[in-house]
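Undergrad: Given chain A, work out where chain B should sit, using these hints.
Here is how the chains run, residue by residue.
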Amino acid sequence: MKGMLSFKHGVHPPEHKEITAGIASKRFPFPSEVILPLSQHIGTPAKALVHPGDHVERGDVIAQAEGFISSTVHATAAGTVRSIELWPHPNGTMQRSIRITVDPNSTQMRRPRSIPRWQDVKDVDLSKEIAKAGIVGLGGAAFPSHVKLNPPKDQPVELLIINACECEPYLTSDHRVMLEQPDMVYEGIRIGLKALGITRAVIGIEGNKPDAIEMMRKTKPDDMDVEIVVLRTKYPQGAEKMLIKAVMDREVPSGALPSAIGAMVQNVATAANIAAVFKTGHPLIERIITVTGRGIRKPGNWRIPFGTKLRDVIEHCGGLTEDAAEIVFGGPMMGQSQANLDVPVLKATGGILILTNDECKRQDIMPCIKCGKCVEACPVFLNPQLMGALAKAERYEELVEEAHLNDCMLCGSCSFVCPSNIPLSQWFAMSKSQMRKLVTS
Amino acid sequence: MTDSTQVKITASPHVRSAESTVQIMWSVVISLVPVLAASIFFFGPSAILVIGASVAGCLLTERLFGSNPGSVADGSAVITGLLLGLSLPPGFPMWMAFLGGFFGVAFGKLIFGGLGQNIFNPALVGRAFLQAAFPVAITTWPARAGNWWTLQGDNLALPFMTPVVDTATAATPLGNLKFADEPVVTPIFDLFFGTTSGSLGETSALFILIGGLYLAYRGHLNWHIPLSIFVSAFAVSGIFYAIGISQFPPFFMLFSGSIMFGAFYFATDMVTSPVTNKGCWLYGFGIGFLVVIIRIWGGLPEGVMYAILLMNAMVPFINRATQPRLFGTSGKKKKKEAAS
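Chain order of the listed sequences is A and B. When you line the first sequence up against my numbering, it's residues 8 to 448, in that order. When you line the second sequence up against my numbering, it's residues 20 to 359, in that order.
Just chain A, same shape as in the assembly:
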């Protein structure tokens, strides 16, 4: 393990991937209703194009991207638009969402549509096709992919790095993508390389997925300049900056984008879904989602249409166990607790994790004993001990100016190791939103 490429610091949470890693993904049945928020991505919410009563087919555009950093939303099942209303969103807010009553008699086939061969599309137009399909980064941030594929002209990208680390414990959706659709991954890499006008790609996979590494090696096309790099299993290996450090041995400058050092990182499932757009004609309307944890009766990997309510997913997966206590969208390190079973699964939902009472017991917060374990854990070399003291004292300006709060990516490593259970990353998230308020007011 020591010899593998990696980054400095980081933590080793228990992986628990064995629960679902071996379970092949299956198609999830269409629910009776789908809820599609206009904002499933970072950037401006899309603009609704449909009205209550409209009939939509699966894959139809129902909301159009507004502005450059935005993403188009498609109907994920055929049916009738019931309403456009505020609905609980997984981020904890209420968001304008399109409710579609799914037609139980529909075949759910796509409308006949002409799909261009990606090889025939001009390099510069590829990102437009990808924008039309509503592709966003599926690693969790949901940043619109077409924006990434258009890097600033003064910062040319030389290397495409495919992020197949999946460093969050429990999650296995990227793992299943590599095992089940390796050809789509490579096809997606070809499209990405063409869009960027470059030739070289690297796939970074954590060493805890030997079967996926072998599959990707076995199916690697001979005519492609792509290297498979096995990385040390360590959290947060899948963070963009950490992955670039491991693969290129270079640090993305503080405050800059990866393109500043000629790199672009794309999630492996995003690559596979880009290829699927050109292969099947379907825009991004579903993805593999890991439903896992000790709190769910039948864990598994499911290909779930976006907009399916959490309630329906739980029901189809055998229901919750008696001692289920907390439902998290995403992984245990950065995922978000859900308060409402009516929230829909979205493009960025890589996993649904259900923890039991034992696993989320209340732990008393003790005073900081300055042990320095958070300093040794922080992957971007911040001093969470100092930052915690500043955040607690609400000294936000010093927190930004002296302690570099803006470089914190809220990975949770400091909170994970803290023996005094101090909720450091929670404080940092709160401080960030306080700072945003100060800046905008």
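What the hints contain is simulated information worked out from the structure, not anything from laboratory work. Note that the structure is a prediction, hence the values are computed from the model and not measured. Even for Gly, the Cβ is constructed at its ideal location relative to N, Cα and C. Incorrect hints may appear among the rest.
What the hints assert, rightly or not - Calculated pairs, DSBU-like style, for lysine-lysine (alpha carbon to alpha carbon, straight line, at most 35 angstroms):
id	chain 1	residue 1	chain 2	residue 2
1	A	K33	A	K54
2	A	K15	B	K297
3	B	K27	A	K33
4	A	K368	A	K135
5	A	K399	B	K297
6	A	K305	B	K27
7	A	K439	B	K27
8	A	K368	A	K399
Claimed, not checked - If you want the ones that stay clear, here's a sample from chain A, every Cβ over 10 angstroms from chain B, calculated:
id	residue
9	I49
10	T51
11	V128
12	E165
13	E401
TA: Frame of chain A; chain B shown alone:
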């Protein structure tokens, strides 16, 4: 669970490492078991009386004056009591040990705001107080005489009475070398196993090493600190010894007195040592250097306590000077900004 009214909502991360502050404290206590056993083996019931009195003083003070009644159970007061007790001479009066425990916890820790807030190691604050208040008692080392169960010195002296030491005294290895008319270098073998005169817990390097290595293995002490203390004490005393201005051989320097005990148990107190590893190196080098200087030129035979307390005072400055280099910067970003 059947409906959404029962779900728990917490902030990420939703998993935590198993390590807790309370568990770290108690494993420090467990790691002291070999040293405690050795002190009882070498010094008999006196060890139990002195250490017991000091622990009782610490616990009572924590319970009476601590801001939170549960803080007695966090283990930190027990550690202070054990360490203070182990740093005292075997014949030390119990009431003084009790008073030292009170002073250490009250003025070394609680007055700053309790666990995590103090600048100086509470056990050393207690010991420094005793050194100032009872300079004779704390430097009286009874010779080993009689049976194992014979009390050493005057453990049972009444409060505010001068202890009567009617037994013969024996100089410690450091005293033997520094103040004796014919300086003697105690063999390393005796220092290693602890068959010498000295404070209760400091004489046996072997048992201190066992406990210290256990803590380092568990990740509950920062091994950079003891290592840097040993490296600097060895190097500095080696240089002075080589050029002939010191009579302390470097190996003797490492195994005599309380440097071993201090390096593993007092200097590594997380609250009063630097936060970064780089800072711990500086801190350890400083302690090692000061120990050698005080031992060679100071008025006292031993300098570990003052060396650590002095470096405790430097910790805020060390922390400021050794902040980690932010990822994606050269670490000199701030200066450039200030210049421009």
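Undergrad: Against which earlier hints does the structure fall short, listed by number upward?
TA: Violated hint: only 4; rest satisfied.
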